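Novice: Dock chain B against chain A, hints included.
Residue-level listing of the chains:
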Amino acid sequence: MTARRTPGMDHEHYTFSPMPGRAPLRWPSEARIAFAPVVYLEHWELDPPEGTLRDPRFGDPFGNFRPDYRSYTWREYGARIGFFRVLDLLDKHRLTATVAANTSAVERYPKLVEACLARGYEFAAHGTHATRMISSAMAAEQEAATISHCIETIERPTGIRPKGWISQDFGQSARTPGLLAERGFSYLSDWPNDDQPYWMTTDPPILSIPCQSEWDDVQLLWHRRLLTPRFPALVEEGFRVLHEEGAQSGRSFTLGIHPWLFGMPHRIRYLDETLTRLGAYANVWCTTLGAISDHMHALTRSAAG
Amino acid sequence: MIADRVPYVPITERPRLTWPGGARVAVWVVPNVEHYEYLPNQVRSRNPWPRMPHPDILGYGLRDYGNRVGLWRMAELTDALGIPCTLSLNIANWEHYPEIFEASEARGWDVMCHGIYNTQYHWSLPEDEERAIIADCVETYHRFTGRRLAGWFSPAATFTENTPDLVAEAGITYYCDWYHDDQPTPIRVRNGSLITIPYQMDINDAMVWRHHIEAGDFATMIIDHFDTLWREGADQGRVVCIALHPFIMGQPHRIRALERALAHIVAHDGVWLATGSEIADWYLSQIGDAT
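Chains A and B are the protein sequences, given in the same order. The first sequence runs contiguously to residue 305 in this note's numbering. The second sequence runs contiguously to residue 596 in this note's numbering.
Mixed in with the good hints there might be a few duds.
One-sided and incomplete, this derived list gives chain A residues near chain B with beta-carbon spacing under 7 Å [as the list claims (entries may be wrong)]: (1) R5; (2) D10; (3) A23; (4) L25; (5) V284; (6) C286.
In case anyone wonders, no lab produced these hints; they're calculated from the structure. Model, not experiment: these values are computed from the prediction. The beta-carbon is built from N, C-alpha and C at its ideal position, and this holds for glycine as well.
So here's chain A without its partners, still in its complex pose (with noise of 0.2 Å):
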């Protein structure tokens, strides 16, 4: 389908808007900047059945070939080790994370969502399995069972239905806004094209925050290669501005943490770094992603009334 060449997006699911023109959003406190650390909680499956999908970047240099035993003892070093290291970081860092969780996860790994329960972490739902994206080969019924199932499998062990939707890998068939809006999630955080949370134009209206992938662990580190000790210095500088800008309208920061990646033990000094950076900044609202949806759904809620 070529889109046609009228105003607007080439797709329904929100409208343009371009950042000059937008009224001023307030945080709560007089933030400048929410910032939502992001804490991935994947499974990645040794052998995933045939005609699932994952995101083709994570090849093997040496070529694909199964089993892959490189990439799920990898990601398993994650869940084992790395994992407690992100959590060590964040409890002397005092922040409260999101955890983005696979369902395969939350069932394989009880140890984990126990550390993240009693840390009060807000879980959202993140796909069933590190190696099973959706896409739009994926059919209706079975992203709509998938997304079913996922409220469900996180809701029995934490006790709290997922308010949020952060896709595998960017996964998102054209249908995902509007059956996540349908069973009722708050927001998505998977749309790397803004620096502030937006409305989509779903039924009932679901909370994109961004997403912003540019500084995502797994893609600037593991994707593009860059070189770990850049990392603190590059996320500050997208802080720094950032804040300055959030003196005028507020801004939102996430930062996705992958403890197979960022738990490495060469790599997670640095992640200190960020953190210690980041925390010398004042105003900031250090918080959840739900904590932002909250918000955002109240200030809509206080306008319409």
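Specialist: This is chain B only, laid out in the frame that chain A set:
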């Protein structure tokens, strides 16, 4: 096809090219203002979103960032430095986003057309189809501005052996798919005339971004590029092109690196901050005298 479109003339064997006011270099800054389709239907010669079955909201959303946020941050910077931009424009961008058209016109930005969509590639297009697309762009640009389209850079750098001929036939003055020189040069076409202006696929954030190179290094590349051309410009005028994408250099963690590079350029004397059309018109007025 014309066998040798740009006959070889080494830089050492040319009459001196001068710029207005005796400048050493003409500098043009070219933000690529684009639209990539959410669901492209023409997967011809290259898949725009090869990562997965379409849509791919990672690829789409990141490019959308340029139109929603990055362009405006970049415009604040070029406004502050007094730099006139030449947009490399997918013409459908203005059709989708009238706000961007208005902002461009309010600033007096120039336009070099970059096809209709950046997800519609021209490789292997039949001649009449390519001709029709170029005509569509010329007409659409005229409908928006009342002006004649002066420049052409094929969408996503995809072209055919006919492109220079068709661009000339459409009444376009300058062309930017060829990277053979530091100066504008004539390029042979079937009918009429056409010149090339140096555009950049090396000093280009989109090329750099595909590798593990970040904004600070890109700023150094821009400065090194400028310094060499500025030095050589004492004897022979040169063109400095800086090719940008708002979805890349308009990001918050990159904007100050761009500021460092552009401020370095603006701080020099002997710099003509120009648009593509101004460079083309000046060059044509000069070679008219020289030949």
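Novice: Each hint should be assessed against the structure and marked as holding or not.
Specialist: Status of each hint after checking the structure:
no., hint, result
1, R5, "4 Å, holds"
2, D10, "5 Å, holds"
3, A23, "15 Å, violated"
4, L25, "13 Å, violated"
5, V284, "15 Å, violated"
6, C286, "18 Å, violated"
Comparing the model with each numbered hint stated earlier shows that hints 3, 4, 5, 6 do not hold.
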